Amino acid sequence: MSDLFQQTILVSMFAAMLRIAAPLMLASIGELVVQRSGIWFLGVEGSMLMSAFAAYTAALSSGSMYVGLLAAVLTGIAVHLSMAIAAVTFKINQFVTGLGINLLASGLTLFLYRESLKSYGSGNIPTVDPFETVAIPGLSRIPVLGEILFDQHLFTYFAFLMVFVAWYFLYRTRYGLELRSLGENPKALDTKGLSVSRRQYAALAFGGFMAGLAGAVLVLALTDRFVPGMTGGRGWLAIVIIIAGNWKPVPIMLAVLVFAFLEAFQLQAQGVGLQIPYQLLLALPYIVAIIAMMGIRVRSEQPAHLGVPYHRE
Amino acid sequence: MSKSFRIEKRPEMGLIGLVVQAAFAITLAFVASALLLEVLGFNALESFEALRIGAIGDWESFEGTLIQATPLVFTGLAAGIAFRTRIWSIGQEGQLFAGAMMAYFITTLFDLPPFLMVIAVILAGALGGALMGGLAGVLKARFNVDVIVSTVMLNYIIVYLLSYLLTSRLWMAPGEYYLQTAQVPEASRLPAFLSGTNLHLGVGLALLAIMIMQFILSRTTFGYELRAFGDNQVAARFKGTNPQRMTVIVLMLSGGLAGLGGVAQTFGVDFRISQTFLFGFGSAGIIIAVIAGLRPVMIGFVALLFGGLASGGLFMQVMADVSSAIISAMQAIILIFFLGSSVLFRYRLKRVTSDE
Amino acid sequence: MNAVANPPHLRVEGLTKTFGPVIANSDVSFQVERGEILCLLGENGAGKSTLSSCLYGFYQADKGRIFYEGKEVEFHSPRDAIACGIGMVHQHFVLVTPMSVIENIVLGTHEHGWALGVEEAERRVRDLCGRYDIDLDLDAKIWQLSVGEQQWVEIVKALYLGAELLILDEPTAVLTPQESDKLFRIIRRMTGDGLSIIMISHKLNEVMQSDHVAVLRRGKIVDTVRTADVTKEDLTSMMVGRPVMLQAEREDMEPGETILEVAGLRVRNDKDQHAVKGMSFKVHAHEILGIAGVSGNGQNELFEALMGVRDTDSGQIWLHGEDVTHQNPRQMVEHGIGYIPDDRFRAGLVGSFSVAENTILGLQKNPRFSDGPLLNFRRILNFANEAIKRFGIVTPGPHARTDTLSGGNAQKIILAREFWSASCCILANQPTRGLDVGVIEYVHQMLLEKRRDGFAIVLASEELEDILALSDRIAVVFKGEIMGVFRSDEVDIQKLGLLMAGQRDAAAQSDGKPYVKVV
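Residue numbers (our numbering), protein chains in the order written: chain D, 3 to 315; chain L, 17 to 372; chain Z, 16 to 534.
In case anyone wonders, no lab produced these hints; they're calculated from the structure. Please read these numbers as outputs of a predicted model, since none were measured by experiment. Treat the hints with caution; some may be incorrect.
No farther apart than 30 Å at their CA atoms in a straight line, the calculated lysine-lysine pairs in the DSBU-like style are these [said to hold, decoys possible]: (1) 156/Z / 250/D; (2) 380/Z / 404/Z; (3) 297/Z / 286/Z; (4) 250/D / 286/Z; (5) 286/Z / 156/Z; (6) 250/D / 93/D; (7) 235/Z / 86/Z; (8) 286/Z / 494/Z; (9) 93/D / 78/Z.
Make a model of the complete structure from these sequences and hints.
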């Protein structure tokens, strides 16, 4: 193999890695904020899936990608807020509620998708016209690095930007301090007369916005259609990523890149016809997730009140 | 003196409260599903009538319901026992696959006379599921990997393993077009449980499993320890329960039950394994366990209802052209309404007399 | 006095608060003058904490009026109370432990919009600390501080918000005698500045430091008196409603053979730091060894290690001369050790279980309660009924859910169980925490009875009075070390307090005598 060929493969693999990282990063940063507020929300997968379906349906019926995007974001927020109602207001078991949201999402989107197929006619699955990548003038012309980093979807730039926004918010602002306290000891806020539930609602709304975007990216940027179960465990990986990243934005970004790399590698390996069962490559993120969890010794930043409903005694 | 009503917290929910709440949630879920169908342009009443006929229209369809309910009983019990111990395992689906695959695997290894082969298949299924569950247990006990995470990941991994065994044609019959295993040998298939019916041995095993689990939980020292551990791990630890050991044992038990579900479905109904044949039993089992309040006998009844939905759903698809995918949506809707109504049932109205 | 010209700092009139059927406060009225310390005295469950939560806006009273400097006020949230000038120091601190002192202080203040504005806050906090002589490292994380220091963080937190009336809930529960002296010195300086204090307490020593005492019993104010006019004994009988014997009768007894021996024990806590750093002691039959110390100095880890729940790093444990280091909880129970945990609903009972089920927790495999793998419900019920009768557990019956019981009755279930199963040694960790005087007396009597029966007993308590009354010997712990062991009849409270604060040298100088007596 020539050097040039190898270089082309590597460039396209790393560019794919960043592209693939976007939805995972968006969902993870959203979930980070949610978990920092003390809510243990397992329904990211479902929220993303419903958002993806909403993006697809809305984009198709309106003909506008932006309407699809808006529909996805609103769906994500709505799903997350339903968690807020259940977990914050009514203090229903967070584990079961999150799981219920996932099950509802997979059942409902499958059913609605099958029903919508009937109207499209068999064998004729419509596609959307996906968002193009945006090359940043100048920077994208840098050899290798520019092709990898600066010819990406706007979503990708935004996802990486959000990592640093989240970091600044958490550690450099008063509301960030409050958010961190919320997951550690909500009573510390309550006894100062600050509403715990309002802040948790806000955190979940933000998480919904991010999960909605993540779902939209899957349909409107990475592919051109909705497929049942297309989130493929990304919502669950987001939860693994947060644990692996010890609830800190920058380590979370690194963990996202690891999983994105695995997926990009798998796509590339299939492309070049590597002699490994492709199922092993597909299963790799999940295997790595378990191994990563085995190796984790530090959970120092895990919010102490994570998953515990807040009651005023 | 004045009389008024006051809303106050119910001290605890008894069995009757649970049944009422479940019935309430199921009714609401049907109403919501009907609305959904109407919005999509179906006639909800006709569709549900088809559903009813498909589920309990005659003895034969009721048999279908019982058979559909069988793996659900197992996954329901599996989820129930884990949740009862506050081990949040969602690995029932993967364990069901593992059970079916392990049992299938031994049929490729040796032949035995029918009676012995069936026993071997049942034991292998339980073992496969138990190993799969035990793996999550060891990951938790030894490496502190969250059970939720490991079980979700293992669910994906086992399906890819099955996919590999099929596409590599290791488990596929020569010339087979669909991604599915060859048919299991005649000798390994579950025989009739009641003569003159279509009910296979798995149905009987499910009944037996319900009774055994109920007995273990309420009558034995192990069940006592398990309940204590489930409610208060710290106290149980102080009183001699080894949390690591308990986690592994419960997950093996839970996995073994789910594995039996895989055997019942594969060796009683499908006679071959395919990814789609076994899909969805795990999540339904979780919903069943929650709605049944994690009580074994209730799990049996709720599983029966869900079996009816599943078997009626197929009929509905044919008769009313409603995609049977509506059933998994309905199951989740039932769960959502059940959770929602738990808020209502947490409180009660009490008449109070005050002397103001 | 001219009430119009000089209204009281805070006046409460006819305050009533109920939770469902439970009346926590009924028609409570009292007032606090500017610059005075008012003590709300009452037993656990007398309604002190609910009352203070109402004053702080954390709960809303059902009925009643509150006047701040003569003006009627209504608090819908703590925010209103803070705006008014009321600050609260909770008994169980509400601090965010992984964060720094200054972060905890500025948390929830918004005068800088989004910015943290820590520098200016630090300046203001330093001023406050300087004025009252409070020594705080503002950059230290909360978990690195002793509980005494954490209390100062809470006080500064309230002052930073501009509090002029401070409510202190059981402020000395976690302090050594010297620390509590210092607290009162600073409080007096504050009252001199015109601040007022409402102090909630059930401890008579600190109550005597106040100007007025309002005694609460079953949610009602029984009486309000000038502290100078009453004695401790008067206050106790007002609080309990009957005369109380303050001292338990402890007969002289010769210690017998060594039952429990611990040598060089090192144990790690959940943060993986050493919480027990080389403790050694012996406990004999007919002997109570008191562990004196502010809580959080390794007591819990010590007990957990002795029960086999927490593994030991190094060191050894012997029971009757047999090495039982690294044994598991089940084995320790089988060796005849009984454990009374500090947090009964966390470590001693299963809330959803019936009273009967809890009376055999951990004993389910005992042949008395099971036949092989099966529970024997008849014998369990007999045992539970016996326990209910013997220990006077107030419950609708053996089938009642345990989490509906009061703390005292729950504790009696544990006593019944542990006293039945233990055969040689009782470990009691804060056994009277949160209990009524009546139950406390009962627990003390039971422990003394076991001492008479020849048990070796280890008793940890934050209440020095309890330790002094019950123990034969007292070991003072500080940061996981034993600072000294005394015979209780020779002990000097002053020295004990210094050791509890870790000040060995000061303790040695306090009387010139050697302070460590290893018995």
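Hints and how they fare:
1. The hinted pair formed by residue 156/Z and residue 250/D meets the criterion: a straight-line CA distance of about 18 Å does not exceed 30 Å.
2. Using a Cα cut-off of 30 Å, the hinted pair residue 380/Z and residue 404/Z holds, with the two alpha carbons roughly 24 Å apart.
3. About 28 Å separates the Cα atoms of residue 297/Z and residue 286/Z, which keeps this hinted pair within 30 Å; it holds.
4. Note on residue 250/D and residue 286/Z: the hinted pairing holds, with a Cα-Cα distance of about 19 Å set against a maximum of 30 Å.
5. In summary, the hint linking residue 286/Z to residue 156/Z is supported, as the alpha carbons are separated by about 14 Å, within the 30 Å threshold.
6. Restraint check for residue 250/D and residue 93/D: the C-alpha separation of about 26 Å stays at or below 30 Å, so the hint holds.
7. The straight-line distance between the Cα atoms of residue 235/Z and residue 86/Z is roughly 24 Å, inside the 30 Å bound, and the hint therefore holds.
8. Among the hinted pairs, residue 286/Z with residue 494/Z is consistent with the structure: their alpha-carbon atoms are about 14 Å apart, no more than 30 Å.
9. Restraint check for residue 93/D and residue 78/Z: the C-alpha separation of about 28 Å stays at or below 30 Å, so the hint holds.
When the structure is compared with the earlier hints, no violation turns up for any of them.
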